[in-house]
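Undergrad: Single-letter residue listing:
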Amino acid sequence: MTKAGKPEKMIINGKRLDGRELEEFRPITVEVGVLKRAGGSAIFRFGDTYALSAVYGPKPMHPKHLQNPQKAVLRCRYSMAPFSTKERVRPGVSRRSVEISKVLNEALSNVLFFEDYPKTGIDVFVEILQAEASTRCAGLNAASLALAEAGVPMRDFISSCSVGKVDGKIVLDVGGIEDNYGDVDMAVATIGSEDKIVLLQLDGIVTKEEFLKMLELARKGCLQIYEKQKEVLKEKYKTGELDVESQ
Amino acid sequence: MLKASENYVRKLIEENMRIDARKFDEFRPINIETDIIKTAEGSARVIIGDSHVLVGIKMSVGEPYPDAPDEGVLIVNAELVPVASPTFEPGPPNENAIEIARVIDRGIRESQCIDLEKLCIESGKEVWMINIDVHVLDYDGNLIDAGALGAIAALIKAKLPKYENKKVIYGEYKGKLPIRDVPIAITTAKISNKLLIDPNLEEENALDARVTIATNKKGEICAVQKGGKGYFTTVEIEEAVELSIKKGKELRKLIEV
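Keeping their order, the protein sequence lines are chains A and B. When we follow our numbering, the leftmost residue of the first sequence carries the number 382, and every step to the right adds one. When we follow our numbering, the leftmost residue of the second sequence carries the number 944, and every step to the right adds one.
Just chain A, with the same shape it has in the complex:
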């Protein structure tokens, strides 16, 4: 299928349109603790993709009939700001956002100790403020950090990245134009550095061999994200640590 506006080539001399190598991330920027009111918050950016996450709770679960007497209930809401894409996104829930909220919830459920907080609710909000592909991955990385900042007991981080097939080549971290006109797009998330895949979604035609190669590259990517998440969180609480030592 050819679409209007598709560039003739998306990989020229082994480089991608934005100058990246095939297995290179866009610049990643991460900030933790960006909001005052939220229990935890974080910003995660892959290049021009800009995700903000905030965590409220654990707090008493309302409405009460949704309470679980044994454990906490996780609620996720993924949402795109109306101005986050070229054509305005209609505000409110869409079928796409409902599905993504569901898979993010299922991914995060792998690492939370729900039994520690019976009858409570944990709300995770992911707002995509600017979208240039891989928004669910950026959102998940941000949510993971926001949960950590909120002090919600977790086994580990969830680390996520996308891989794709563009002009027949397998690439890491699908960027804007590659998402629109690439052949295949796959989102993956793992529990920290472990071989445990908690999010996996693929669109497009690939052979089994290509698929397994993509999965391997995605796992390498997730590992890099995991290191970044750890580094940022350590950095955030470093000053406190030093003060204690100097006293």
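These are computed hints drawn from the structure, not numbers from a lab. Where is the CB? At the ideal position from N, CA and C, for every residue including glycine. Honestly, I wouldn't trust all of these hints.
Just so you have them, the derived chain A footprint on chain B, three or more residues with Cβ under 8 Å [claimed, not checked]:
hint: 1; stretch: 1039-1045
hint: 2; stretch: 1163-1169
hint: 3; stretch: 1181-1193
Given chain A, put chain B in place with the hints provided.
TA: Using the frame of chain A, we list chain B on its own:
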């Protein structure tokens, strides 16, 4: 009906048994009937074990999307009708129904099994819209596979109505839909660290994670969706891919003419 508990299902599977005595890579009996709804342009009834899904296709004419002015429009919707289960509530589709519809949609769309360009009437102005509605009538698990099977079976048999003087003449046809591939979705469930296909309701309630993989005629993968609150290892994913390709081939024989 009395249902087996989650723990019992898990315990059996740990001992390499299933609640209905199937093998781990065995489907329940599948029954597919097409053209059963006269008012729809295409239809199929799929019964897998005690899961019963009815798929109807309605064709209409509308405006194409601005980024694909020469292509017909595909819309998939799933209704978890309250007649199917005491857990299904009336009202707009919930997240489960939306996920089912979107995974079925992805298998059909990404396999490019419909030649959407042939459904263009006037570039940028008028194209055929294909509405695939998946109606779940009886729920005993594995709705994605049943719905996807029904959708492609109905698409293969669907007919294109006549279109004259800007009016669709329902009941009079000018041909079939341009279908060029047969994507099949197979869901693999992970329970107690074992992989099995076609989970029934009791198994679905006990599963840790599931992954749906749609494959085309060539045995290539065209859509993947992982679900459930657990995880898969790389080796498990590889095994699920192999199962999906193998079972996809078997199921494809049931609907190909």
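Undergrad: Now look at each hint and say whether the structure bears it out.
TA: Results for each hint:
no.	hint	verdict
1	1039-1045	holds (count 4)
2	1163-1169	holds (count 7)
3	1181-1193	holds (count 4)
Of the numbered hints listed earlier, not one is contradicted by the structure.
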